[in-house]
Each structure stands twice: as C-alpha cells, then as structure tokens.
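Asker: For the sequence shown, our numbering assigns the number 17 to the initial residue and increments by one for each residue that follows.
To be clear, the hints were calculated from the coordinates, so they are not data collected in a lab. Among the hints, erroneous ones may be present.
Ranges between beta-carbon positions, derived for each pair [to be verified]:
hint : residue 1 : residue 2 : range
1    : S759      : D858      : 26 to 34 Å
2    : K928      : S759      : 22 to 30 Å
3    : F747      : V53       : 56 to 64 Å
4    : T698      : D858      : 51 to 59 Å
5    : Y696      : R918      : 55 to 63 Å
6    : E367      : D400      : 18 to 26 Å
7    : E385      : T698      : 51 to 59 Å
8    : L923      : K642      : 41 to 49 Å
9    : L68       : E306      : 52 to 60 Å
10   : S262      : A364      : 41 to 49 Å
11   : T698      : E566      : 44 to 52 Å
12   : K247      : T920      : 47 to 55 Å
List of simulated lysine to aspartate or glutamate pairs, EDC-like, C-alpha gap at most 16 Å [claimed, not checked]:
hint : residue 1 : residue 2
13   : K270      : E74
14   : K337      : D400
15   : K554      : E580
16   : K792      : D810
17   : K337      : E876
18   : K827      : D858
Ideal Cβ placement from N, Cα and C applies to all residues, glycine included.
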Amino acid sequence: MSERVWINQTSRHVSSRLSLRPPQAESLSRLVQAIMVSPELLGHERDISAILSTLKTEFSTLEDFEREFPSLCFSLATGVGKTRLMGAFIAYLHLAHGINNFFVLAPNLTIYNKLIADFTPNTPKYVFKGIAELAQQPPLIITGDNYDQSGAVVGDMSLGFADDVRINIFNISKINSEVRGGKEPRIKRMREVLGDSYFNHLANLPDLVLLMDESHRYRASAGVRSINELKPLFGLEVTATPFVESTRGPVPFKNVVMDYPLARAMEDGFVKEPAVVTQRGFTPADHTPEEIEQTKLKDGVRLHETTKAELLTYARENGAKVVKPFMLVIARDTTHAGQLLELLESEAFFEGRYRCKVIQVDSSRTGAEEEKMIARLLAVESVDEPTEIVIHVNMLKEGWDVTNLYTIVPLRAANARTLIEQSIGRGLRLPYGKRTGVAAVDRLNIVAHDKFQEIIDEANRGDSPIRLKQVILEAPSADDKKVSVQVGAGVMARLGLTEPTVIAPGTAEHGEPVIPTPVFKTEAEKQVARVVMEVIGKYEVKRDLVPTSEALLKPEVQKEIVAEVTELLKPVQGNLLVGDDGAAVVLDVSAVVAKTTEILVQQTIDIPRIAVVPTGDVTTGFHPFKLGILPNFQPGQREIVGQELRTSNQFTMSREMGSREQRFEDYIVKRLIDFDDIDYFTQAELLYDLAGQAVANYQAQNYSENELHEIFDSYGADLARLIRAEMMAHFWEKATDYEVQVSRGFTELKSCNYTVTSGQTAHHFRETVIETSKIKQMLFGGFTRCLYPLQKFDSDTERRFAILLERDSTKWLKPAKGQFQIYYKLGTEQPEYIPDFVAEMDLAIFMVETKARGDINSQEVQAKAAAAARWCKQASSHATSVGSKPWKYLLVPHDEVNEANRLTDYLRFEVKE
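Please work from the sequences and hints to get the whole structure.
Answerer: Here's what the structure looks like:
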C-alpha cells in the first residue's frame, strides 16, 4: 500500500471513528493536504520560507505563519466543535506519522480545566472516544500542575512511556503572570514556570506539535512569544475569532487555512438562530429604567416558560431526552446582581415560583458558598438540578459550554454589537447536536426592549458576525450549476434502451471502465423490447400467475407475453419490419421477448409489495395516565414580538382573545378535539380528566380566577399540544385480527433521482475519497453487480460496504424512495424508511443499514430496524410459500465495515422481530 493511500485511510478512520462533522472533517483533510504537499513540516531540517511558499499555493487565505515556526489557523464557529477537532488532529498525527508529543495551550483557567477533563478517559466529552488504538494505551496527560512529577517520569524510558502519546496542557494566563514585570529575560522566567529541566526536555523533542486553543485571546502575549523557544515542528491554532483587537480595529490572522464562519454554521444548522425580542409597540422613552428592567425580566420568564413547554413537547413527541432550559440575566455589578436575586426569589415576582431556582454567579462569593455556586452552575444542564435562572455580572466565560441556554436578559448597558457578540459566544450550542425543525427549540432569544431596533440594524450591517461571509469554504464557482439526474435501472442500458454510463477514466489500480455491450442493436429490436418491458410491468399484479420474476420465464407466461406484444405492435408493424436502408427486416418477436425477459430477471431482485391490514372490528383509544411536568405559564397582557437576526423572520407570542369559558377545562378540551386523531365522543372522560389535572396544577399556584382564565385562554393551545404528545405514548389499537397481504411478488426497480454538479463525471467506486465531507455530492460507477449503473453514497462507510457487495453478492442495489414502502413510527409521525442496501446472496436476500455506532441505539434507528425486521419476516413467509429466498435485516455499525470481512460475517448483526 502506498504511503498516500495509508495516510488517506488513516484520515478517514479518524474522521469516521470520531464522527466528525463536515467542517471538522474538512479541517482534518486540510491538515492532511498541508503535510502531503509539504512533508518538510515533519522535520526540523527545513526552509520555513519555502514551506510557506508551497502552502500559499494550496491555501488562498494563507499569507504568513506569523511565528518563527510554521503555524496554521483553523477558524471554526462557536458550537461546531473545536476541542474534538484538536483530538482528531492529535489522533491523526500519531497514527499516520508517529508523532507522540503535543503541547496544548489554553487561554484561561476555565478552558484549561475543561481541556484536562476532555482529554481524560471515561469523561462525558472524551475527545478520543472511538479510537481503539488510544483506548488500549491512553495518552499521558501532563499539566501545568503536575509536570514536575509526570514530566520527570516521561524522560525515563525504562518505565515504559517511550511509545505513549504525551499531551502537555498548560494555561497561558498563568505563564503570562509569571513572566510579567521581572528584570530577568522572559525565556528564563518561562523556564521557571515550566521547570528548567522539563522545558529543556520539551525543546529537545524531535516531534513536538503545538496546539493553541482560542488563540485570539493571547496571540501577542509575552508567554506565547516565549513559546518559540520550544521549537515545535509546527503549530495548529483553533479559534472562532481569527483576529486580534487593536486601537485601529480588528486585525485578521494571516495564517488561516480553514474558515468556517458563524453565518455558515447557522445556514448548515449546527447552531441556534439568535433572535432579538421586544413587546409590540413598546417605546422605551415612555418608561423609567426600573420599569424597563421589570418588563424585560417578566417577558424573559414568559419566553422561558414557553420554550420549556416547546422542549418538553418535542421530547415527548420524538422520544428524545428532556432538555431543561435556563435563562441568563446579565447584571450591572455585584450589588445589582444581589438585588436581582432577592427580587427573582421574592413573592413579588410571580408569587415566589422561582425561589431556590436562581443562582448568582460572581466574585462576591467565597469559600463554601463559592463551591456550592460553582457546583450548581456546572450542573445547570441536568434536568434534576432545579436552577432555571442564572444571574451573572458579565457574560459567562469561554469554555463554559452549555447547550440549554435559551433566553438572555441583558440589564447591563452595552452597545448592540457587544450584545450580539456576547450572545453568540455562549448561547448558540444545540442540545440535540442538530436543528430539530421546531423554531422555538432551535432559537436563542435576546430580550432587548430598549435596544431592539439598534440590534436589528447592527445585525444587518455587512460586517456583522452573523452576516460575515467573505471567506466561504470551497465557494462554488459560476460554472458549478446544479442539475437533476435520473438514473434508471441497469436493465435498460443492458437491453440498449438507454446510453451506457461512462465513469471517470480508469487507472492501473481500478482497470478501464467496463461498458456492457447492449443486447439489442437495431432500432426495430429496441422498439419491441420497449413494448415487452411495458407488458411485463402489468404482470406484477398477476401474483397467482407470476409469484416471482423467475415465473416470467415459464413457457405459458412467455406465450401470453408474446401474444400481448404482437397485438400492441400491430399499428406500427410496417415501420418495424423496414430497416434503415429500406430493406425488409425479419424480426422474431418471441426471441426478443425471451431475451428481454431473461435480462430483466438477471437484473432485478424480487421485492414484494406487502401491506398489513387489520381485519374485523378495529377500535382505538388512550390508556388513562397522570400528566408529567407542565410549564409555568404566566398571565400576560402584552404581545411579545421577536426577530431572527440572520433571516429577519419575525415571530410573536400573543394572548388569544377568545370567548370566556364556563369551566377552565373547556379551554384545553376544545383545543384537544381539534386534533384529527382525538375523538371527543369516545374519549371525553379521559380528556376532561387530563384537562382537570392541568387546571389543578395552576390552581395550586394561587392565581386569581381572572389570571387563570387569562392563562388558559392564552396558552390553551400550547397545553393541548403538550397533552396530546403525552397521549400518543398511551395510544392503543385493537383489531379482531391482522392480515398480511402481498399484492405483488416483485416490483419494477424505480429510477433514482440525484442532484449533481453539471458536467460531473462519475467516480470509480473503488477510488479512495480524500474529502469525505463532499461524498454526498459525488456520483459513483464502475459496478458489475449493482443493478443501477450509477449510485450516490451518504457516507464513505457506504462506499466501502459497496466494495464488499461487489465482491460477495450475486447482485445488489441502493433502493430508491418508494421501492419498499416501509413506514415506521417516530413520535406522532410515520416516515418512510429507505434501507441503505439490498443484496441477493446464494441462499438469502440481505436488507442492510450501515450506521454510526454511536447512533445504533437511538430511538429513530431502532424504530427503523423494528419496521424493517417485521417487513423481512413477512417477506420471508411469502418467499417460503413461492419457493423463493428468505430476507434478513442487518444493522451494521460503521466501524465494522472492513474489506477483510466476508458479507456473510455480518449475519451476526441480524435484527429479528
């Protein structure tokens, strides 16, 4: 195996095992690219200016290393995952190039502690989870607190650490404080911080690589300038802010090789959408500062409770984990923070409903109080921790990575740009790791009645971080026109009815592309073959006569088909029997029918059409149950209006002025019966029981009668939606019996529809894909056993599994949408399941799904597997009755896909009903 292939395989291995997001995978591929074009990066005997010249031709944004050693910056928006990317860099450099020594710089104590935790095995966010080589022999973590003990051990080769990965993690702010103000040279002070002998040990290592987290925070500090003396092979900087502030404005980094800005992360759905919120018609000048503050706090709580309800509904409807949101209040100073704490926990603020649910985070706490405060802050993501409001004098620092911050109430004077940047810094991470499609679950609200228009105007500026798109990853050229491509089954090309597919030019490794010779060459034969295919399509529904495609070859069936084809050809018979030169042509229709049918049977896999239908009387209903947690909805008269900063889409939260109901329960029940799947006449008793539970919940909070009417009038629809989501978990259906109906023994293979770049040539499926993040944009060909000439893959795992299918199966395909019509239950929805592969073997037919190991046990994957396994069981019963092959459903973890395995080895992953 060539070195290039080995390096690319290692890169893909790391990317796959760590489940890197596309921007992370692209960053890793750019590091791979940099080392490939400039291998001198891996040694100390090099010309740095020559390396810079080489890399500048590869990366258009690279101007200068800005250090005495090569240093490359990877700019990824907050929330995309910079720490995991550093882990990927380390894993790749160790596995591909044998680099063992790494020096990681953190900007402050918070991130320093976070990095130590994330690089430590058996912690929730361990960065090497999935890398087997580092699981067997975990890296040795050396920190600024233990280097004098752990660092000394490293040098002793006899203790068995010679081959370990060694990761040194240091806090640059500590280093800066040590080198500040003394008369001794900085480098001497630097050595005193690290320990003289250990610093020399690091400086003499032949393979030290420097990684700098949030490097914009300390780029020009004295401590970092001294780092040059460590003489690393190269530096890798990660930041979301690739510039340093100066008196003349921001100064961009000159060594950026990867730029994935916030605007791109928003478009791709990796972070929340920030939105600014006010009251409809609110005029700040008409209110005192105290009134504005009170209004913002109360409206913030209303938003918080609405978001809490949306999150709870989403979790129940989709079987997802419950996320507890919290609200962040930014105070002016510690005195103001203390006053806010007292107010928010008092009876005057919503009757004390937030007592013991608020924490104040600032420097005024010491000792045991400080420890308790920090413990609550660190646990704020837990649904078991009661905190719903956090008060802070300033925006919480970098390194505090929470995903459940949904509402920010800034009460400290700040300009619009600062408010936007601060909210971007902390509140955009998504709790489910991706957008859900539910606006309230995917949005961060900034309550800014007094700054609403100012923030909108700032967000619309061309240099706003939300709009900033000057540097776009692989920006498409004007020629990159997208076109829709329809790929028909290979049988059509084999018969000569469509043009054969040409893939990328062959290589010595893959051989020249194989273009099958069409069976029919004359136009007369092709015309007959088209009619034959049309007639055969009608035989799918004749299940008694043709239970399988093989039955099409029976003499009596062939005779019927010939008769129908001959009848259909009569209107054009004269044209068919005349050749291009005008001479008469003798055409044997039965021979064309026989050959067409033979090719069709060879080029198909029998996929039956199966339906499960209830028989006899069918009744449905819901089991009685106790409602779960309900949101703390508040009475409120004013309409709240919000606007997303990136898209300018507006949303409102307003009181619906409906008729006053006689019973509180009626507000909820009238909304529940609006749902098509809830029948009032059969479920009235249960509906009023559930509505009564909800009413009792709010009555227990001592609201007045008018306030209760207001709550149920305003939020009756929200409560109904939340209650219905819970009802679905208690739904039952009873039928006298269920019958499996097979309407067709085989079905025509549907055409696949793909969107691709105009003029793109298909790649050979064995071709190693370097930029795996772009694999969804590629078409692949060169198959000999696939029933389609071209295929698209959603991941490189699928491409590699296709290699096994080409080697071990009789024939295979990636089914098109609608081919199986298998549906699974996901919350209240019933989406269609489209398997990754179908492969026919000698003794069975495999339906295969390849999935990231970490996703195997997710509710959606398990729901799909259950539906697919049930279908395979029913298809196997049908197959037994007609003498065909049984079906088996295989759910294969991505890290098990290896060319050393046989296809039958994956039977151990069979899922049975």
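Asker: Hint by hint, which ones does this structure get wrong, listed from lowest number up?
Answerer: Per hint list: zero violations.
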